[in-house]
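Dock chain B against the given chain A, drawing on the hints supplied.
Those protein sequence lines, which keep their order, are chains A and B.
Going by numbering that gives the first Met the number 0, the first sequence opens with residue 0, and the numbers climb by one from there.
Going by numbering that gives the first Met the number 0, the second sequence opens with residue 0, and the numbers climb by one from there.
Treat the hints as calculated values from the structure; they're not laboratory data.
From a predicted model like this one, the values you see are computed outputs, not experimental measurements.
C-beta atoms are modelled at their ideal positions from N, C-alpha and C, and glycine is treated no differently.
Worth double-checking, as some hints may not be accurate.
[What the hints assert, rightly or not] Residues of chain B placed beyond 10 Å of chain A at every Cβ, according to the derived structure:
#1 Leu153
#2 Ala174
#3 Ile240
[To be verified] Label pairs and their calculated CB-CB ranges:
#4 Arg140(A) <-> Ile272(B): 51 to 57 Å
#5 Glu145(A) <-> Arg221(B): 26 to 32 Å
#6 Arg221(B) <-> Gly190(A): 33 to 39 Å
#7 Ala304(B) <-> Gly5(A): 47 to 53 Å
#8 Arg128(A) <-> Val141(B): 57 to 63 Å
#9 Met91(A) <-> Val72(B): 45 to 51 Å
#10 Thr8(B) <-> Pro250(A): 54 to 60 Å
#11 Gly115(A) <-> Ile139(B): 26 to 32 Å
Below are the chains, spelled out letter by letter.
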Amino acid sequence: MIEAAGLTVDMGAGQAVREASFVIAPGDRIGIVGESGCGKTMLGLALMGMVPDAGRVSGSLTIDGTQMVGAGEAIWQKLRARRVAMIFQEPMAALNPIKRVGETVMEPMMVHLGLGRDAARARALELFREVGIPDPEARLRQFPHEISGGQRQRVLIALALACDPGVLIADEPTTALDANVALRVTQLLVGLAERRTMGLVFISHDLAAVARATERVMVMYGGDIVERGATEEVLAQPRHPYTRGLLSARPSPGNMRATGGRRGRLPTIPGSVPPLAELAPGCRFAGRCPVELDMCRGERPPQRGTMICHRSEEGA
Amino acid sequence: MGYFLFRRTISFVLTLLAVSVVVFAVMNILPGDPALSILGLDATEDALAALREELGLNEPVLSRYLHWIAGAVQGDFGISQSFRVPVSELIAERLPLTVSLAISGMVVTVILAVALGVAAAANHGKAGDWGIMFLSQLGIAVPAFWLSILLVLLFAVKLRWLPPGGFPGWSEPAAAVRSLILPTVALALVQSAVLARVTRSSALEVMRLDYIRTARAMGFSRRRVLWRHVLPNALIPIVTIVGLQFAALVTGTIVIENVFYLPGLGRLIFQSIANRDLPTVQALVMLFAAIVVTANFIVDLLYLAIDPRLKARS
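Only chain A is shown next, with the shape it has when bound in the complex (with noise of 0.2 Å):
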């Protein structure tokens, strides 16, 4: 169980993630979507307490009760990978080149679970099946450069399940991977979420991905969560302008003709992420925000239902 509270992440140029405040349950699959910069990884590092050294953070985060904002780095060792686990988005580059892929699994399962090297091979051989990889012991033997980007994904997955965490953050974990390799992956997360109750976060830019994994979801925009709700619900209506930006660059038979442009080219947000220092204090969004008012700019939106806007949902 995670619960954060006006949680922030100052970069000193600027707040990475501004006062996002959620409750993740066990089970619960939540998204978190975004163009690139915009805070989504950033919070993901925060839940794990990996944050860059340059980074503040400030608020309050608890993980199953305990006050993780301000907690040593041996505190947060306790809770990595046994409460709260996450995984990369270069499944390639994220696993140890030198090392078995077997006992990169097996390690933190002697390392924190204490168990001798063949009870932990069993267990990795168990979580390799669970994961879906073909002819586990064969593969437990192998490098990670003898294998497919998409076997190394689900390594990575076997892994981050290895001490059987509360909580799996995937981060962009489907990105690097091919269309379909990438939609197998995503109903992996999705089956071992609910076989587990384990809660999942989903981060990602690909809206695709998130309405398939995700029963809710959080768009982020300059750090600021602008809009949240039941993932369904939100990609069918979004409320908030970025919300709607996003939506309709999405490529998608609609949108290609209700452009009416020539050769049907994408609509598109226009402009793009600012830096962390450039960003308005007010709205995140103003600059590029379509409707925007003269206040947007100086002042923070308010929370409005699901979303936070100047512009009340008529206006929007």
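For chain B alone, kept in the frame of chain A given last:
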């Protein structure tokens, strides 16, 4: 893998062969009459002719080379002109001391350098890092012979903990080891200064990589991440430099053995050059080259042991 070993062994032998040609050519084809340089300018023509005959200098170059190499393969390097005993005997007497010195120097170098380099990387940008880098800069700048003299002044002359030089022979093991401590330290300090820097930068490089983040995300202690994940992956450049440094250590014994008055190969080559003792110099240069080539061969094998990806490629 088998193919790699085969190829590497062939190139090992070919390198040694090439070295032998160069060594032989430098010693024998370059101008200057060995007989004249041995006997001196006022030697009679008869004496010179006799010595040339004795040294085999009248034979064609190729047959002299083949003769030399055939002997060398069997451990026969001819008779030393200044000591008047077989060169192989001279070498056999002195080899253990030089090899012990080089190996102990290398061991101390590696331990010191890896400990300091990893410590510096772990404290990147902090005071410990700056301190270690400052010391290593100092170590690189200081010549080994000067450091040796300082060590002797402090530990032998002032504190009287260790002998200032000389070697009692292996029959007194404790005294023998004591007399090798200062030379070992003198050899190792300079080399470890270089290696510590290599270790630090290699470790820093690895620490930025994704799989180190994975290891941290698994809740492993900083110590475990450093020694079990960072260091093994940082070893390739370290081992490369260690191979080169072993060569530098072996040649470094020439200076150190002279400073500490140790009867090893380094002193022997120095004396032989001074005495224009051609067969001895030739044999020793060949031997030093063989040690260096062997060290590089071992380094190549270590690469394979460290990184399984290389095994797949080779």
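Do the hints match the structure? See the list:
no.: 1; hint: Leu153; verdict: holds (40 Å)
no.: 2; hint: Ala174; verdict: holds (44 Å)
no.: 3; hint: Ile240; verdict: holds (19 Å)
no.: 4; hint: Arg140(A) <-> Ile272(B): 51 to 57 Å; verdict: holds (55 Å)
no.: 5; hint: Glu145(A) <-> Arg221(B): 26 to 32 Å; verdict: holds (30 Å)
no.: 6; hint: Arg221(B) <-> Gly190(A): 33 to 39 Å; verdict: holds (35 Å)
no.: 7; hint: Ala304(B) <-> Gly5(A): 47 to 53 Å; verdict: holds (52 Å)
no.: 8; hint: Arg128(A) <-> Val141(B): 57 to 63 Å; verdict: holds (60 Å)
no.: 9; hint: Met91(A) <-> Val72(B): 45 to 51 Å; verdict: holds (49 Å)
no.: 10; hint: Thr8(B) <-> Pro250(A): 54 to 60 Å; verdict: holds (58 Å)
no.: 11; hint: Gly115(A) <-> Ile139(B): 26 to 32 Å; verdict: violated (46 Å)
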